[in-house]
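Engineer: Starting from the structure of chain P, add chain H where the hints point.
Same order as they appear, the protein sequences are chains P and H.
Each residue of the first sequence is one higher than the last, beginning at 0 in numbering that gives the first Met the number 0.
Each residue of the second sequence is one higher than the last, beginning at 0 in numbering that gives the first Met the number 0.
Derived from the structure by calculation, the hints contain no laboratory data.
Mixed in with the good hints, there may be bad ones.
With beta-carbon atoms standing in for the labels, derived distance ranges [stated by the list, open to error]:
1) H:A33 with P:A11: 48 to 54 Å
2) P:K57 with H:R1: 14 to 20 Å
3) P:K57 with H:P13: 23 to 29 Å
4) H:P13 with P:E88: 30 to 36 Å
5) H:A33 with P:A68: 40 to 46 Å
6) H:D34 with P:R144: 33 to 39 Å
7) H:G15 with P:R4: 33 to 39 Å
8) P:D16 with H:G60: 43 to 49 Å
9) P:G87 with H:P19: 49 to 55 Å
10) H:G60 with P:K57: 23 to 29 Å
11) H:P13 with P:G87: 35 to 41 Å
Heads up, the beta-carbon is just placed ideally off N, CA and C, and yes, glycines get one too.
Here are the chains, one letter per residue:
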Amino acid sequence: MIALRAEPFDAAALLADFTARAAGAGAIASFTGLVRGEHEGAEISALELDHHPRLAEKALVGIAADAVARFRLIDVAIVHRHGALAPGEAIVFVAAAAPHRRAAFEAVDYAMDRLKTDAPFWKRELRSDGAYWLEARDSDHADRRRWEAEAR
Amino acid sequence: MRITFFGRLRDAAPAGPVPPGVRDTGALRAWLAADRPELLDPSIRIAVNDEIVLGERPLGGDDEIAFLPPMSGG
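The shape of chain H in the complex, shown without the other chains:
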């Protein structure tokens, strides 16, 4: 699993390898939030393999997960 963070979350990094019990986006968010509680904020969206995920989605070893704070383009 490859996890990336953008914008004001850019400096966030997982504390270590993702535990085997983390098998969906909700569990991943909860695990990361132990160190970074702001990741639980619903305004922070998750993209899996370049698709923004609404609700929860199962995760596998090859997935690329991006944490996206509220956007500010234009």
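One chain only, chain P, in its complex shape:
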């Protein structure tokens, strides 16, 4: 399942549904990213997630297809929020089903690294000390490059 959602989603329910449909898989790994409650001592009241709808859809579909091909997955799911989110709400859910655990773990890690730098979403945190746009950090770009360096 690949989806962009304006409304909150239940990551546990998504994982249960994904698991029920992953016939023949020996391993499922999943990741859920949440809105943080604070940033260096400043309380976060909300996260605004701007996105380019058509490019975002294309990016999610492309990242999912690349993950399936690269790690020979049985199935993959990526669900991503946009709009206004409250602390504790899920921003992103990624799940991978594979014959064995290593591929499932790595596929989820790979998809998250790609989302951080290659998916057209822009986060703005509303904090007790002001509103701040976030951008991928140097460490996110370094994480993304790991997958180029690794010859598979």
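Structural biologist: Okay, now just chain H, sitting in the frame of chain P:
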């Protein structure tokens, strides 16, 4: 030509109609940068009709151009 801005550029708006001499992405970026110099930053990418453009591309009247600052998904 329809021009949209995302993320921290969201509030940017062209000063007026695109002049007739602006016929490619490089010229459009340069024209807009007169008011918003940060648009010249190479980290800001341009998409034309939902395709990210590497290098320059000619533009016509029906094109939709999006200015994309560095992304932060996930």
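Engineer: Just pull the numbers of the violated hints for me, sorted ascending.
Structural biologist: No hint contradicted; all consistent.
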